[in-house]
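K.L.:
These are the residues of each chain, in order.
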Amino acid sequence: MIDFSNVALNIREPVYIQLVLHVKKQIAKGTASSGDSLPSRRELAAMLEINPNTVQKAYRLMEQEGFVVTEGNTGSVLNFDSHTLNLIREELTKGMVRDFISNAKELNLSFKQTIDLVSDVWDEV
Amino acid sequence: MIELINVKKYYGLSRTGLEKESVTFNDGEITGIIGENGSGKTTMLKAIMGLCELTEGRILIDGLPVTSVYGKMSFITEEGSYFPGMTPLEYGDFLKSFFAGFDMDRFLKLLEYFEIEKNSKIRNMSRGQKSKVEIAAGFSKGAKYILMDEPFLGNDMFTRHDFLKLMISSLRGEETILISTHLINEIENFVDRIVILQMGRIKADFYMDDMKETGKSLKEVLMETTGYDEEWYKKLFDT
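As given, the protein sequences belong to chains L and Y, one line each in that order.
My numbering puts the first residue of the first sequence at 1, with every later residue one more than the last.
My numbering puts the first residue of the second sequence at 1, with every later residue one more than the last.
In isolation and in its complexed conformation, chain Y is listed as follows:
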C-alpha cells in the first residue's frame, strides 16, 4: 500500500508541483494517473520514489518511508534510470547486485525480444531503444511497486501495443502499478482505477467499472473534470 498524506510539493517558493493531497494506492491495483503536462503527474511519482524533497506531508509504503523499501520499488521513466555509460549487460549486473529479486534471465530475454544489442553503450542508442532498456530493466527487478512515468513516449504505435501485451503477461497479480500518461486510449481497458490531476490537485479518483456503470467514457469524464471545452476552436472563426 502506498499512502500519500497531505503531500505538498512546491518547486522554489511558488511553482506548484502538488497541492496538499492525500491518496492511497491499494495493493494489486493498477492505477492510471492522467492529466496535462505540468499537472503534477511526474511530481507525484517522483515524490513516491523519494526523488524529491516534500514541502509538506509524508509518504508511506507498507507503513514505511521509501528509503527503507527501495528494493520493492521500480521506477520506469522517460529520463531513464540506467547509467548511459554502461551497456545493457553491465547495467543488468549492477541491478542484480542491488535488487535481491532481479531476474537476469528475464532481463536478457526482454532485451532479445526488443532486439537490443546487449554490448553497446546505452548512451549511443536511439530514444526508443533507450526506453526499451528502461522497460526491460524495470520489469525484471521483481518489484512489488512499479511506477511508470509516460512509458509510451518515444515508442511507435506497434511498440506501445507490444509493450502493453508484454507488461500484462509479465504481471504476477500482486504488483501495484502506477502509470502516468496522457494516452488514455492505450490504458482505458488496462487500468482498474483513474486519478485525474490538474494543476497539482486531484480532480477525480474513481474505478473504471464504476465509471462505465454511469454510461460515460473516460474521455467524457476527463473533459468534464478538467473543464475542457470542445467548442473552443470555434472561437477561431468568430470575428
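Bound-form chain L, shown alone:
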C-alpha cells in the first residue's frame, strides 16, 4: 500500500497535483513499485481531510499518465514499465534542477559560480 501519511500539503498548489507528485516521488525513489495498491479514494480523503472529488481527480490523472490502473472492486494499483519509470524520473529530476537553477539565477550567480558551488558543497550534504 502506498503510504500517504507523511504528505504535508501546501496551500499553494492544487491538492490533486500534490498527490500525484507524492506518488511519482515514491516511484522515482523506488519505495513504490509496480503492483503496489493505492488506498481507496474515501479512505485517503478522510485521512488527509480533503475532498473525495480531489482524490478522484488525482487518480484519474495518474491513470491518464499511464502508471495507475483501476479495475472494478480491486481498487487502484500502480502499474508501470521501465520506460514510464524513466519518464517519471526524468520529469522529477529536471524539475528539481530547474528550480535550483532559477534560484541560483535569482541570486545573480553565473553558470561557472553555480557549478563550482555544486562541486564544493556536493560532499558536504
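The set of hints was computed from the structure by calculation and includes no laboratory data.
For glycine and all other residues, C-beta sits at the position ideal for the given N, C-alpha and C.
Any given hint might turn out to be false.
[Unchecked claim] Taking beta-carbon pairs under 10 Å as the criterion, some of the chain L residues facing chain Y (in silico):
(1) 13
(2) 17
(3) 25
(4) 45
(5) 46
(6) 51
(7) 60
(8) 122
[Stated by the list, open to error] Calculated lysine to aspartate or glutamate pairs in the DMTMM-like style (CA-CA distance at most 25 Å, straight line):
(9) Y:216 x L:49
(10) L:57 x Y:79
(11) L:57 x Y:213
(12) Y:46 x Y:205
(13) L:57 x Y:205
(14) L:57 x Y:156
(15) Y:165 x L:49
(16) Y:130 x L:49
(17) L:112 x L:123
(18) Y:118 x Y:79
(19) L:57 x Y:210
Since the structure of chain L is already known, use the hints to place chain Y on it.
P.N.:
Frame of chain L; chain Y shown alone:
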C-alpha cells in the same frame, strides 16, 4: 442543482441580508461560503432552506421550490434544528418518520462515536454536545443537499478535525454541500469552490484549483476581495 435567481432579502425595510444576487450550485460540488459576520452567509442558507421569506427573486432546487423537496434537504446549524425537549433517541424516531432515507443505524453509530448519551434531554447538553447531535442527525438524513451554517462553532480543534474526517468518510459522492464558515484553514483543502460574501453581495466565486493555478492562497484572495488591510493595526502606533 440549487439556483438562486435575483434573490434579495431585506430584514425590515432597510437592513440588508442579500442584495439581488444570482448563483447556481451544481450537483456533487462542495462549496465554502465565506465572509465576515453579517455578510449574508446565514441569510443565503436560510433562504435556500425556505426559512425566510424573500424580498425579491426565487430559489429553485432541481427546478422546484424548496417546499416540495424538503426530504432532499439537510440543514446543520449552530441554532440547532432538534427539539430541545427530546432525547437524541426520540429525535431520531421523529426524523425517521419524516425523512424516507433516514438511516437510524448510522445516527446511533454517530452518537456513540461522539459519546453522546442517547437518553438524556438535548436541552441539558453542553453547546459542543448539542452540535454533535445536530451533526449526527444532519448526516443521517440521506439528504442530497447538505447545508451547514458554521458547523465548527462550539467545537474544539480536535473535534473539528474528527468532524471533517467523519464528514468526508460519510459522503457518497453525489451530495451537494454548502458550508458557511470563517475558519478558512479547516476547509481550504476540502471545498471545490468558494463563494465570498460581503455586505450581502457575492464578491467572488471561484474554484480552488483555478485559484491555486494563479499562485495565490485563499487568505490572500480573501484579503484582496474584501479589502482587508493587514497594515491597519499600525495606525495604533501613529500619533
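K.L.:
Does each hint fit the structure? Answer for all of them.
P.N.:
These are the hints, each one checked on the structure:
no. : hint          : verdict
1   : 13            : holds (6 Å)
2   : 17            : holds (8 Å)
3   : 25            : violated (19 Å)
4   : 45            : holds (5 Å)
5   : 46            : holds (4 Å)
6   : 51            : holds (5 Å)
7   : 60            : violated (13 Å)
8   : 122           : violated (32 Å)
9   : Y:216 x L:49  : holds (21 Å)
10  : L:57 x Y:79   : violated (36 Å)
11  : L:57 x Y:213  : holds (15 Å)
12  : Y:46 x Y:205  : holds (19 Å)
13  : L:57 x Y:205  : holds (21 Å)
14  : L:57 x Y:156  : violated (31 Å)
15  : Y:165 x L:49  : holds (6 Å)
16  : Y:130 x L:49  : holds (23 Å)
17  : L:112 x L:123 : holds (18 Å)
18  : Y:118 x Y:79  : holds (20 Å)
19  : L:57 x Y:210  : holds (14 Å)
Hint violations for this structure: numbers 3, 7, 8, 10, 14, all remaining hints satisfied.
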